[in-house]
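Novice: The lines below spell out each chain.
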Amino acid sequence: MIESLLLVGSGIGAGLFGSLLGLGGGILIVPLLTLAFGLPLLESVGVSLICVIVTSGAAAGVYLERRVANLRLGMTLELFTACGALVGGLIAFLLPERILELAFTILLVYVAATMIRRRDAPPAASPVPDAAGAAGPAAPASPAPQLVVGRSRVRDFLDRLSGPGYRIRNLGWGVIGSLGAGVASALLGIGGGLIKVPVLHVVMGVPLRVATATSNLMIGITASASAIIYLLRGGIDPYAAAPTAIGVFIGASVGSRIAARVHLGLLRGLFVAILLYTALQMLLRAIA
Amino acid sequence: MTASTPGGLLNSATGAGPTSTIPPAPEPPGLEQSIARLLTIGTYLSIGLLAIGFGLMLAQGVGPLSGGPAFDLARLPGDLAALRPEGFLWLGLVAVVATPAARVAASLVGYAHRGEREMAVVATLILLVIAVSVVAARALEG
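Keeping their order, the protein sequence lines are chains G and E.
Mapping to this note's numbering: the first sequence position 222 is 222, numbers consecutive.
Mapping to this note's numbering: the second sequence position 111 is 111, numbers consecutive.
Treat the hints with care, as some may be off.
As the list claims (entries may be wrong) - If we take Cβ atoms under 8 angstroms as the criterion, some of the chain E residues that face chain G in the derived model are: (1) 36; (2) 76; (3) 82; (4) 119.
Please keep in mind that the hints were generated in silico from the structure rather than gathered at the bench.
Computed from a predicted structure; not experimentally measured.
Don't be surprised by glycine CBs; every beta carbon is placed ideally from N, CA and C.
Let's have the full structure, built from the sequences with the hints guiding it.
Specialist: Quick look at the structure:
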């Protein structure tokens with residue numbers, strides 16, 4: 001009973017933190033389950049993938065309803081994130097746990113460094129936006145650009161992937177980034193937004209708000225492609241997954257509603273400290 | 001402001017495009033609304049099933065770290081009928097995993113209906129990758 005409630009509470013904490021800081025809960029769930037509850041890393045990744053799908057599903061619904069996410073672009077790229085996730089999901093069961101722990105340590109340090117660098121900037125978006133409008137209205141579109149197009153079908157297709165005020169570029173890099181995000185998601189139990197959002201925004205020229213929403217939309221299929229493998233290969237424990245997923249869902253929902261009222265500076269500092277402490281624990285576990 | 005892109009020139013202010021100009025195709029609003037509704041319903045349904053399973057876990061004194069049973073589709077109806085927690089938990093987890101695929105299937109129908117062949121092909125390929133995931137996991141399981 002106490003363990004169950006602790007799992008729900010941990011899920012709430014992970015979802016809340018993730019939501020307030022614009023990250024998915026996955027970055028915290030895997031170390032929490034592994035280090036605090038003693039679950040094998042692969043099972044923790046499996047549970048984390050379930051949590052990631054749940055939070056992204058609720059958020060993506062709202063983003064689509066508000067017409068912030070680019071459905072065509074998201075679907076095109078998620079074909080490649082799903083391929084990456086398929087490969088990642090298959091090799092996850094072949095890799096020694098130590099390698100995955102080291103990879104997760106690197107990820108934690110990377111996220112901590114990213115958080116330190118952008119400590120003055122507001123979070124990109126909450127994973128579960130408040131249906132009542134906490135995430136705010138869609139950003140006003142800049143004047144629609146005039147697109148100079150060729151006659152090739154590829155160019156026409158790129159035009160159809162573009163949205164109001166922006167035109168997609170560097171689709172090839174987007175495909176490569178999506179493949180990488182899919183592999184990382186499957187191996188580490190994260191949504192992959194850490195890779196997808198920069199690729200969409202910086203490399204492909206998608207506005208940040210649209211990039212965040214579109215990345216969120218893609219997380220469902222990405223995590224789903226590998227979660228199926230975890231599920232069928234015994235990598236998901238239903239008893240541990242349910243309380244964690246319920247907790248994360250509650251935490252992310254609450255986080256999106258209170259995000260505007262919370263002072264994020266202190267929270268971000270605390271989060272960085274937790275990430276670095278967790279990275280150290282994970283590293284010690286890997287080299288033990 | 002003019003920016004050069006691999007795909008051509010993007011001229012956002014002057015509109016001085018030297019050749020043909022087309023606006024980006026708008027997303028069909030009906031399709032987006034339907035998919036949004038599907039995702040929301042799927043998510044809440046999944047959480048509801050997981051919550052029922054979790055409630056049964058608590059009622060029956062099942063610990064979350066006691067090691068759950070393996071997934072067995074054939075046992076699911078019996079577990080549900082007997083109100084065993086694992087029945088609801090597995091059904092909830094299947095619903096979680098299936099919701100994004102259902103979203104892609106709905107997109108496939110929507111795009112096919114609108115005659116957008118490229119997007120229908122993309123949706124079909126995504127579903128194919130999901131199917132390969134199932135087959136590969138089953139094959140490695142054996």
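Novice: List in ascending order the numbers of the hints, as given earlier, that are violated by the structure.
Specialist: 2 and 3
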